[in-house]
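One rule links them: number in this note's numbering = place in the sequence shown (from 1) + 2.
These aren't lab readings, by the way, just hints derived from the structure by calculation.
The calculated label-pair distances, taken between Cβ atoms and stated as ranges, are: (1) Ser-135 <-> Leu-355: 30 to 38 Å; (2) Leu-204 <-> Leu-355: 25 to 33 Å; (3) Phe-138 <-> Leu-98: 15 to 23 Å.
Using N, Cα and C, we set each Cβ at its ideal position, and we do this for glycine too.
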Amino acid sequence: MERKNKLTALISLRFFFALRVFASHLKPLIGDNYVYNWIYDNVLFVPFGVSFFYILSGFVLSYSYRDRFIDNSKLLGDFYLDRFIRIYPLHIMTFLIIMPISDELYYFGNIIGWFTKIFSSIFLMQSFIPLRSVYFSYNGPSWSLSNALWFYAIFPFVVILLKKITIKRVVYILGGLFIVMPFLMISVDKEFQHWLFYINPLFRSIDFILGIILFEIYEKLKCLNIDKRYYSVMEVGSIIAFVIYIAMCRAIPEVIRDSYSNWLPLCLIIISFSFEKGVISKMFLKNKLLLSLGSVSFGIFIFHNVVIKYFTFLNNYLGIKEPFIIVAIAFIATVGISFLSANYLERNIGRYLKCKIKSFVNSNYIRRLQTYRLR
Numbered sequence: 003m004e005r006k007n008k009l010t011a012l013i014s015l016r017f018f019f020a021l022r023v024f025a026s027h028l029k030p031l032i033g034d035n036y037v038y039n040w041i042y043d044n045v046l047f048v049p050f051g052v053s054f055f056y057i058l059s060g061f062v063l064s065y066s067y068r069d070r071f072i073d074n075s076k077l078l079g080d081f082y083l084d085r086f087i088r089i090y091p092l093h094i095m096t097f098l099i100i101m102p103i104s105d106e107l108y109y110f111g112n113i114i115g116w117f118t119k120i121f122s123s124i125f126l127m128q129s130f131i132p133l134r135s136v137y138f139s140y141n142g143p144s145w146s147l148s149n150a151l152w153f154y155a156i157f158p159f160v161v162i163l164l165k166k167i168t169i170k171r172v173v174y175i176l177g178g179l180f181i182v183m184p185f186l187m188i189s190v191d192k193e194f195q196h197w198l199f200y201i202n203p204l205f206r207s208i209d210f211i212l213g214i215i216l217f218e219i220y221e222k223l224k225c226l227n228i229d230k231r232y233y234s235v236m237e238v239g240s241i242i243a244f245v246i247y248i249a250m251c252r253a254i255p256e257v258i259r260d261s262y263s264n265w266l267p268l269c270l271i272i273i274s275f276s277f278e279k280g281v282i283s284k285m286f287l288k289n290k291l292l293l294s295l296g297s298v299s300f301g302i303f304i305f306h307n308v309v310i311k312y313f314t315f316l317n318n319y320l321g322i323k324e325p326f327i328i329v330a331i332a333f334i335a336t337v338g339i340s341f342l343s344a345n346y347l348e349r350n351i352g353r354y355l356k357c358k359i360k361s362f363v364n365s366n367y368i369r370r371l372q373t374y375r376l377r
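Work out the full structure, taking the sequences as your base and the hints as a guide.
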């Protein structure tokens, strides 16, 4: 079933959360700056960007594919191919670009570790390895793509499973998990907390599955006759709740604010703006510039670290001192590269690879069928 609504408000929101990820990685580029330090210490210290994209991914994939999987009208192979082509070619390209200026390439102290970093990065397996030197190696943000591949792998099965379980049972299971989880997280040794509750794809599957469940709630609410004024109240209220949450985050243990505490405020934002009927959605988030920036948020997410690393290296020779000029150049370069990638590289490479892979698969299938018939 094709849906008419394109979730434009959520597309625009993606840009703001991609901007948060970009801003949180600027420290190596601008050094010790009072304004940046204040922003980081009061806003950016909460890693809500990754959680937003994981929850949104579950929601959007359900929006696009859920009915087709339930109706058996979307082939599993086509889904996996679409998702693979969406992220893997761009990942390999950024990996090859960043490789020459990565310290990991030239440090041979441990040959097994050296091969592990390269192998796990190429095949997007780094988030499964509980070593900071591995999962943050080369293009650091690509660890989240490792998680994304895992999410894509489990998505069809989660959708079908949730269809068989009653909403009441899901609420009981989630309620029990949410009560127990904070105590479990705090009790784990600090040495393992970051990987286990921030990086670990098995734990971060909760973010993704929350997005899938959130879509089920969206489907139920969409059928209700809600007064149009309440959509604006929901949008404004979700933003106020999020601001209050950020202001209170200093009182929350780091291991909990890395993921767990982000879920409720981010779910409120996504569900509130998914209807696109509030005043913020209509007057602000349907702006063409914001939609364009939101549509290249994936590029911003994957390219920003490449730009920051190269610009940090080049600025040793350029000698630009003004931090705001440095940030402006890095941001414009990141957005520009993301636009070029989305409109030329990703689109054309995706079509070419999809055509070649399907042609290869079909030809092999026909060849095996002919061989079988000859027998």
